[in-house]
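> Sequence:
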Amino acid sequence: MGHWLLVVRVLFIRFCLVTFYFFRIFTFLNINAKRFDLLDSAESRQPIKKAAQTGLKN
37 MGHWLLVVRV
47 LFIRFCLVTF
57 YFFRIFTFLN
67 INAKRFDLLD
77 SAESRQPIKK
87 AAQTGLKN
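For the sequence shown, the working numbering assigns the number 37 to the initial residue and increments by one for each residue that follows.
Since the hints were derived computationally from the structure, they do not count as laboratory data.
No residue lacks a Cβ here, since even glycine has one placed at the ideal position from N, Cα and C.
Take these hints with a grain of salt, some might be off.
Listed next, with one range per pair, are the computed distances between beta-carbon atoms [claimed, not checked]:
1. Arg60 with Trp40: 27 to 35 angstroms
2. Leu42 with Thr63: 28 to 36 angstroms
3. Leu41 with Lys70: 30 to 38 angstroms
4. Lys70 with Gly38: 28 to 36 angstroms
5. Phe64 with Val44: 26 to 34 angstroms
6. Gly38 with Asn66: 36 to 44 angstroms
7. Asn68 with His39: 41 to 49 angstroms
8. Lys70 with Ile49: 37 to 45 angstroms
9. Lys70 with His39: 41 to 49 angstroms
10. Ile61 with Leu41: 29 to 37 angstroms
Kindly produce the complete structure, drawing on both the sequences and the hints.
As structure tokens, then:
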């Protein structure tokens, strides 16, 4: 019985570590994407803002 508890615990810890690192990498990429979006020129984002405003009006 103790053997199975050890196996389950190791698998659980490994699963937690994998999800934790995946979450960190995902948030890091998300932050980089937002930074590039800020570096992007305002003119390219203008149509998106207009579309969002018209969508809100409708």
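> If you check the beta carbons of Ile61 and Leu41, does the distance land in 29 to 37 angstroms?
Hint holds: Cβ distance 31 angstroms, inside 29 to 37 angstroms.
> Tell me if the beta carbons of Gly38 and Asn66 are separated by a distance inside 36 to 44 angstroms.
42 angstroms, holds
> Quick one: are Asn68 and His39 within 41 to 49 angstroms, going by C-beta?
44 angstroms, holds
> Given a hinted range of 26 to 34 angstroms, is it respected by the beta-carbon distance of Phe64 and Val44?
Given range 26 to 34 angstroms: holds, Cβ gap about 31 angstroms.
> Between Lys70 and Gly38, does the beta-carbon spacing fit 28 to 36 angstroms?
About 48 angstroms separates the Cβ atoms of Lys70 and Gly38, which means 28 to 36 angstroms is violated.
> Measuring from beta carbon to beta carbon, are Leu41 and Lys70 in 30 to 38 angstroms?
43 angstroms, violated
> Starting from the hint 41 to 49 angstroms, judge whether the C-beta atoms of Lys70 and His39 obey it.
47 angstroms, holds
> Does the Cβ-Cβ separation between Leu42 and Thr63 fall within 28 to 36 angstroms?
This hint holds: roughly 32 angstroms between Cβ atoms.
> Within 27 to 35 angstroms or not, the Cβ separation of Arg60 and Trp40?
31 angstroms, holds
> Do Lys70 and Ile49 keep their Cβ atoms within the hinted range of 37 to 45 angstroms?
About 32 angstroms separates the Cβ atoms of Lys70 and Ile49, which means 37 to 45 angstroms is violated.
Violation of the numbered hints given earlier is confined to hints 3, 4, 8; the remaining hints are satisfied by the structure.
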